[in-house]
Amino acid sequence: MSPSPVPPVPPVPPVPHRVEFLHHPDPGFPHLTVWGIRIDGTDLRVLVAEATRALWDQELDEDDDTPQEREEFLLRQHAPLYLNDDHDGARARAHFLGEAPPELRDRNTGALCLLGCRCGIDACWPLLATVRVTESEVTWSGFYQIHRPQWGELPLGPYVFARPAYDEALAAPVPLAEDPLAPLLGTE
4 MSPSPVPPVP
14 PVPPVPHRVE
24 FLHHPDPGFP
34 HLTVWGIRID
44 GTDLRVLVAE
54 ATRALWDQEL
64 DEDDDTPQER
74 EEFLLRQHAP
84 LYLNDDHDGA
94 RARAHFLGEA
104 PPELRDRNTG
114 ALCLLGCRCG
124 IDACWPLLAT
134 VRVTESEVTW
144 SGFYQIHRPQ
154 WGELPLGPYV
164 FARPAYDEAL
174 AAPVPLAEDP
184 LAPLLGTE
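Numbering of the sequence shown is given in this note's numbering, commencing with residue 4 and proceeding in unit increments.
There's no promise every hint is true.
Restraint-style ranges between C-beta atoms, simulated for each label pair [what the hints assert, rightly or not]:
(1) A180 <-> Q153: 37 to 43 Å
(2) Q153 <-> E74: 20 to 26 Å
(3) V9 <-> E171: 37 to 43 Å
(4) P11 <-> L188: 46 to 52 Å
(5) Q153 <-> L187: 26 to 32 Å
(6) I124 <-> A165: 30 to 36 Å
(7) P167 <-> E102: 14 to 20 Å
(8) A174 <-> P8: 47 to 53 Å
(9) D91 <-> D60: 38 to 44 Å
(10) V49 <-> D170: 23 to 29 Å
(11) W59 <-> D91: 33 to 39 Å
In short, the hints are calculated from the structure, not lab data.
Heads up, the beta-carbon is just placed ideally off N, CA and C, and yes, glycines get one too.
Can you build the whole structure from these sequences, using the hints too?
Printed below as a string of structure tokens:
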């Protein structure tokens with residue numbers, strides 16, 4: 004007698020990630036406020052550093068930097084977004100809900116800028132991702148660096164956020180006195 008077939012196990016729905024939006028002065032221009040991001044308690048720049056470490060290792064000469072300088076480079080490759088004409092948060096809310104202005108989007112894919120460049124021009128060295136918004140969730144996926152097409156999609160995400168928690172985090176960004184990575188970044 005053959006054993007009875009085992010019924011398939013239904014897929015387990017993904018556990019939503021947690022997002023925090025951060026609001027703090029730019030270290031170089033304290034009169035400007037920037038928008039940072041934490042996913043599940045980790046700064047997005049730290050996640051990007053880990054995702055791009057091996058890619059940068061292929062491009063950079065390891066003898067040129069100390070390990071600390073290399074780590075600072077990885078963490079500094081992106082900066083929080085300026086969105087600097089956003090006094091009431093409306094521009095940031097629209098941006099992070101997928102309504103980014105043309106200069107903060109990839110015109111070919113529609114992906115939007117989640118992190119910018121440390122030079123102060125967000126679109127100069129952006130971290131781009133597809134942002135999909137529904138009534139119940141917001142998904143960030145397909146992360147890439149437009150100036151490094153050879154890297155392809157970065158090993159980040161996808162990050163799925165419950166829409167109510169996402170909206171709440173966006174409406175009340177965490178105010179900080181300084182960049183949360185300041186202790187890791189040393190001095191310029």
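Hints and how they fare:
no.	hint	result
1	A180 <-> Q153: 37 to 43 Å	holds, 39 Å
2	Q153 <-> E74: 20 to 26 Å	holds, 23 Å
3	V9 <-> E171: 37 to 43 Å	holds, 41 Å
4	P11 <-> L188: 46 to 52 Å	holds, 49 Å
5	Q153 <-> L187: 26 to 32 Å	holds, 28 Å
6	I124 <-> A165: 30 to 36 Å	holds, 33 Å
7	P167 <-> E102: 14 to 20 Å	holds, 19 Å
8	A174 <-> P8: 47 to 53 Å	holds, 50 Å
9	D91 <-> D60: 38 to 44 Å	holds, 43 Å
10	V49 <-> D170: 23 to 29 Å	holds, 24 Å
11	W59 <-> D91: 33 to 39 Å	holds, 38 Å
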